[in-house]
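**Student:** Chain by chain, the residues:
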Amino acid sequence: MKNHRYITVERIIKNGVVGFGRNVWLAIAAIAMMGITLTILLFAIISNATFNHTIDDLTSHIDVVEYLKDSVTPAQRDKQIGQLKQLPNVKSVQYTSKEQALKSYEADNVNNPTLLAAISETDNPLPASIEIKPVDPNKLQDIQNFLTKPVQQNLQSDPTSYSGDRKAAIDNITSATHFFQQAGIVGIIVFIIISMLIIFNTIRMAIFNRRDELIIMRLLGATPAYIRGPFIVETMLYGAVAASISLIIVWGLFKVASSTLQASSLGLLDIGYSSDYFNKHLVSILTLQILVGILIGAASSAIATRRYLKTRQ
Amino acid sequence: MILLDRVSKSYNRRGAALERVSLHVEPKEFVIIVGPSGAGKSTLFKLLTREEKPTSGKIIIGGIDYEHLRDKDIPLLRRKIGVVFQDFKLLNNKTVYENVAFALEIAGISNSEIKHTVPKVLDVVGLKGKEANYPLELSGGERQRVAIARAIIRQPKILIADEPTGNLDPKHAWDVIKVLEKINRFGTTVLLTTHTQEIVNALKRRVVTIRDGHIVSDRAVGRYKNT
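Quick note, the sequences are listed as chains V and U, same order.
So for the first sequence, our numbering puts the first residue at 865; every next one is plus one.
So for the second sequence, our numbering puts the first residue at 1448; every next one is plus one.
Rather than coming from a laboratory, the hints here were simulated on the basis of the structure.
Being a predicted model, the structure only gives us computed values, none of them experimental.
C-beta atoms are modelled at their ideal positions from N, C-alpha and C, and glycine is treated no differently.
One thing to keep in mind: the hints can contain errors.
[Said to hold, decoys possible] Restraint-style ranges between C-beta atoms, simulated for each label pair: (1) U/S1469 <-> V/I877: 27 to 35 angstroms; (2) V/A1166 <-> U/P1566: 33 to 41 angstroms; (3) U/R1632 <-> V/L1155: 36 to 44 angstroms.
[To be verified] DSS-like cross-link-like pairs, simulated, lysine-lysine; straight-line CA separation at most 27 angstroms: (4) U/K1567 <-> U/K1527; (5) U/K1505 <-> U/K1541; (6) V/K878 <-> U/K1604; (7) U/K1505 <-> V/K878; (8) U/K1541 <-> V/K1174; (9) U/K1519 <-> V/K1174; (10) U/K1500 <-> V/K878; (11) U/K1519 <-> V/K878; (12) U/K1493 <-> U/K1562; (13) V/K1174 <-> U/K1577; (14) U/K1541 <-> U/K1500; (15) V/K1174 <-> U/K1625; (16) U/K1562 <-> V/K1174; (17) U/K1493 <-> V/K878; (18) U/K1575 <-> V/K878; (19) U/K1527 <-> V/K1174; (20) U/K1562 <-> V/K878; (21) V/K1174 <-> U/K1567; (22) U/K1629 <-> V/K878; (23) U/K1505 <-> U/K1577.
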């Protein structure tokens, strides 16, 4: 029966493609609806990626600085750096000597002679410091706990940067960004669910319009798979076309936006980055989008046709 | 060929559409079923094509006992019975040729055989030259002949025609009836329902009368008076 199966598959595909061509207005309506939905979804995904990028940018500046007493010997310092590198949440450790601290202070205040005059080379009040970058800025407390042990505090000239007002500010930022990231994920999931519902409903209406065809085919003795097959092929084509259209729309909008806005940023959203992200992931977005379009189309029509194919009892 | 044994069908508790109907049709017979609207003719046909299940009783067609019929065998059963409906039930976005070919396509018949058979059958029903038309471009009589071509192309042993002339003017109605007689001469058992007394009386065939869900008369050469 291999030959028979081959003929059946061939006919299902052929009928699907022919049906797509003959029901062109229905197809246009369904594709437009799917296209808009997929465009919104694509925007949501790119905005989320851009937003995450902005947050990463922001949190990459968060660190803990330990200020060392002048009396700390190079051996103690190296031991300290070694110990810090062993901590689980530490990404990198950067040592700044008193001299380097002074140099960067001078560079920062080159236009402010009063501040420069307050400090001189011979009497350098700036402490040597160790800057610790965390892997996860939400878990700075782990590093802080290590640094506030009595043995550690003996080496320090001042409390670490992660204390007092600065601690409160960092904690606010990290909890806010954490919240926004979670909200972004929830938002994307909600968007996906809504778009699936809209697409499903669009397909359901399209099939409802043609339910007579399904019923007639059933009366003639076509198997449910043979009846449903062409509809699924047709809606898969809808999905593929809609996905391609939505991609062209988004691509066009970025093209216009990045040339007129000159890669400016709108609040937290960096258009330049969005455009880069889109161009860099174009192939995977294209593949994913078309795949999603095809799958949602196929699943929707499979579910929507089912009720017309049931045998009445 | 067709055997109904005390078949009842009720859609709700208030009353039965068919009640203890027994009918036996021999192979190659031409049987006309008459009766007023709502008598139960359509229900009878829906039972034969297994669109509906009987509430009680036994149905055997061509050796197939419906009681033991599984859902997945229903499509195979329907391919063995040719059915013609009053409202044609054509696929409006397929051409005449495609509508007729569809009956063979679903049975997995090869393309070359389809190409060979469809024109022949369209010729039999007098639709040569209309292959590329869509059903909505045809007259009622032509549409019904497309439906008949579709029903007979698989050379079924049984042809069921539910009011095939109901929507047609007398001339077209006769065309359709002549095609049915022709098919019957080739050896197909034909079951026909109609309202038109001229047709019934001119055909001089077995007539079964149904009223209120019961068979009230069954005559070898029946006559019918439309009341």
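**Student:** For every hint, state whether the structure bears it out.
**Tutor:** Going down the list of hints, with the structure as the test:
1. U/S1469 <-> V/I877: 27 to 35 angstroms: violated, 47 angstroms
2. V/A1166 <-> U/P1566: 33 to 41 angstroms: Hint holds: Cβ distance 36 angstroms, inside 33 to 41 angstroms.
3. U/R1632 <-> V/L1155: 36 to 44 angstroms: About 57 angstroms separates the Cβ atoms of U/R1632 and V/L1155, which means 36 to 44 angstroms is violated.
4. U/K1567 <-> U/K1527: holds, 20 angstroms
5. U/K1505 <-> U/K1541: Between U/K1505 and U/K1541 the Cα gap is close to 37 angstroms, so the pair fails against 27 angstroms, i.e. violated.
6. V/K878 <-> U/K1604: Not OK: V/K878 and U/K1604 at ~31 angstroms, beyond 27 angstroms, violated.
7. U/K1505 <-> V/K878: Measuring from Cα to Cα gives roughly 41 angstroms; hence the hint is violated.
8. U/K1541 <-> V/K1174: holds, 24 angstroms
9. U/K1519 <-> V/K1174: holds, 11 angstroms
10. U/K1500 <-> V/K878: violated, 34 angstroms
11. U/K1519 <-> V/K878: holds, 24 angstroms
12. U/K1493 <-> U/K1562: The hint is violated at about 32 angstroms.
13. V/K1174 <-> U/K1577: Roughly 34 angstroms between the alpha carbons, so the hint for V/K1174 and U/K1577 is violated.
14. U/K1541 <-> U/K1500: Violated, at roughly 31 angstroms.
15. V/K1174 <-> U/K1625: violated, 36 angstroms
16. U/K1562 <-> V/K1174: violated, 32 angstroms
17. U/K1493 <-> V/K878: violated, 31 angstroms
18. U/K1575 <-> V/K878: Given pair U/K1575, V/K878 holds - Cα atoms ~25 angstroms apart, limit 27 angstroms.
19. U/K1527 <-> V/K1174: holds, 20 angstroms
20. U/K1562 <-> V/K878: Distance of about 16 angstroms is within 27 angstroms: holds.
21. V/K1174 <-> U/K1567: violated, 34 angstroms
22. U/K1629 <-> V/K878: Given pair U/K1629, V/K878 is violated - Cα atoms ~35 angstroms apart, limit 27 angstroms.
23. U/K1505 <-> U/K1577: violated, 42 angstroms
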